[in-house]
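S.K.: The letter at position 407 of the first sequence is residue 407 when you use this note's numbering, and the numbering goes up by one with no holes.
FYI, nobody ran anything at the bench for these hints, they're computed from the structure.
These numbers come from a predicted model, not from an experiment.
Accuracy of the hints is not assured; some may be wrong.
To be verified - As a list, the in silico DSSO-like pairs of lysine-lysine whose alpha-carbon atoms are at most 27 Å apart:
| hint | residue 1 | residue 2 |
| --- | --- | --- |
| 1 | Lys230 | Lys156 |
| 2 | Lys137 | Lys263 |
| 3 | Lys461 | Lys400 |
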Amino acid sequence: MTVRVRFAPSPTGYLHIGGARTAMYNYLFAKAMGGKYILRIEDTDLERSTRPFEESQIADFKWLGLNHDEGPDVGGDYGPYRQSERGHIYKEWAKRLLDNGHAYHCFCSEEELTAKKEIANLEKRAPHYDGKCRNLKPDEVSSKLEAGLEAVIRFKAPLKAYAFNDHVRGRVEFPEGMVGDFVILRASGVPVYNYAVVVDDASMKISHVIRAEEHLPNTLRQLMLYEAFKETPPEFAHVSLLIGEDRQKLSKRHGATSVTLYKEMHYLPKALLNYLCLLGWSHPTEVDIFDIEELGSLFNTDRFIKSPSIYDIQKLNHINGQHLRHLPLEQIIQGSETALPAGHPFFSQTNEWKLSCVNIFKDKINLFTELDEKLKIIFETHQDTSQDYIDASSWETTPKIREYLKTEIAAAKAAGKKFITEAEYNAWSDHVKLELKIKGKQLFMGMRCVLTHQAHGPDLKFIIPLTPLEVLEYRLTL
RNA sequence: GCACCCAUCGUCUAGCCCGGUCCAGGACACCGCCUUUUCACGGCGGUAACCGGGGUUCAAAUCCCCGUGGGUGUACCA
1 MTVRVRFAPS PTGYLHIGGA RTAMYNYLFA KAMGGKYILR IEDTDLERST
51 RPFEESQIAD FKWLGLNHDE GPDVGGDYGP YRQSERGHIY KEWAKRLLDN
101 GHAYHCFCSE EELTAKKEIA NLEKRAPHYD GKCRNLKPDE VSSKLEAGLE
151 AVIRFKAPLK AYAFNDHVRG RVEFPEGMVG DFVILRASGV PVYNYAVVVD
201 DASMKISHVI RAEEHLPNTL RQLMLYEAFK ETPPEFAHVS LLIGEDRQKL
251 SKRHGATSVT LYKEMHYLPK ALLNYLCLLG WSHPTEVDIF DIEELGSLFN
301 TDRFIKSPSI YDIQKLNHIN GQHLRHLPLE QIIQGSETAL PAGHPFFSQT
351 NEWKLSCVNI FKDKINLFTE LDEKLKIIFE THQDTSQDYI DASSWETTPK
401 IREYLKTEIA AAKAAGKKFI TEAEYNAWSD HVKLELKIKG KQLFMGMRCV
451 LTHQAHGPDL KFIIPLTPLE VLEYRLTL
């Protein structure tokens, strides 16, 4: 059997992080099985679906590197890949159901239906459709249709129990009578979700449906439709939900939930994927930092976890840091430059300077956006207010160090230098130690406070050669 | 209401199917130590969990039942 999986988002907003995870699982499964991964756009909700959202979601997939084999933008043999362009297919398939008696026209008005639902609720009955139009005579139907009455097409829900084997949940059973006759085609001719999904999955030869657990109850209606169409249902895997700290389904109020936002915050796509992959799935050898592209056949549906997972940005940040540190320096520079504010002095430095700069700071950040703050020790002058700093500033040896460094820096500037070298820095340090007889904590903390105005920071012999002489000079005058 | 799903450290999870090797392993966060004459990185260590109750068994995190808690769904949304 050829494995064909799909991710089918609605273009009603930005790509959600949970959607990205589901898409990734489908992508990974296709890769592991040597199958195809298809992107289908479910835009039957005409009110809320927009083309810009579709484009933004596709752009986000591209950013993540989850490239599909078939889809609206790349084509394929089973198109069109937008539900809004598949109207004729839904009508044809609906006619099949009409012809073999699995579906019927319904002329009930919305007001009528809502009134009945309210009564049912009041009487604590399930608000199922009462079947009023179920047994209309064929000539009644055609005369109403000819009279121009609006009609939806309803599916005759069989009164029987259904069950299926889910790759994640095992055997799932639905008792009989859970759903009433449901609408499959609206009066407008636009299909309803559960119907469109089945027609599409069947006609696109989808073999496995990996989707979020919230769709589990939908499977009942879909199973009924597959049966009516005499089609074999695909294999299902209902993946646990992503939830917030309050244990509710992850949504906007939980913070950044769209992929676009993470892109804008300069997260590494592979780190996001790595984190998302581990939220609900576990690596067979418990490795936790990896590139999903290297998973290969290691990925399977056996290691999905059943319970929902709380989204925790702290761990994502840690994973981002791990990936960031292992990037080639050139790429760290690139990433840094996209995250640093325009006009930042970092941009105007030499490549050699940038290389040693990111080499020092890469271990101290998890995110590219944290670099700006870290670089202040090089470009800005803010007096530290910590007790350590106040103590070091009050030592009687500290002014001596400052006076000495003033003359050295003046000399270096006079020689036309913009920076000093590491060797020159070491010479300063030796001079303070040997000539001024200042050593130990007085030496190192003294020099640090005088030169950086901070009590803590990266190794002086690395950051002082990166600090412009004029910045150092200015600090010595304060 | 009804249906379905879920339940191991604060969080992500391993273990559960095939009961003993688990007084429960790893990771994040937190704390301590080492290293670094600072910080970080790294290394080492620590605190911390089998929802409750019954049952089966020589033995249960693991199997069964009943509770409890949480979630999802109940549309001419997807």
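S.K.: Determine for every hint whether it applies to the structure shown.
M.R.: Hint by hint, here is what the structure shows:
1. Lys230 x Lys156: 15 Å, holds
2. Lys137 x Lys263: 58 Å, violated
3. Lys461 x Lys400: 20 Å, holds
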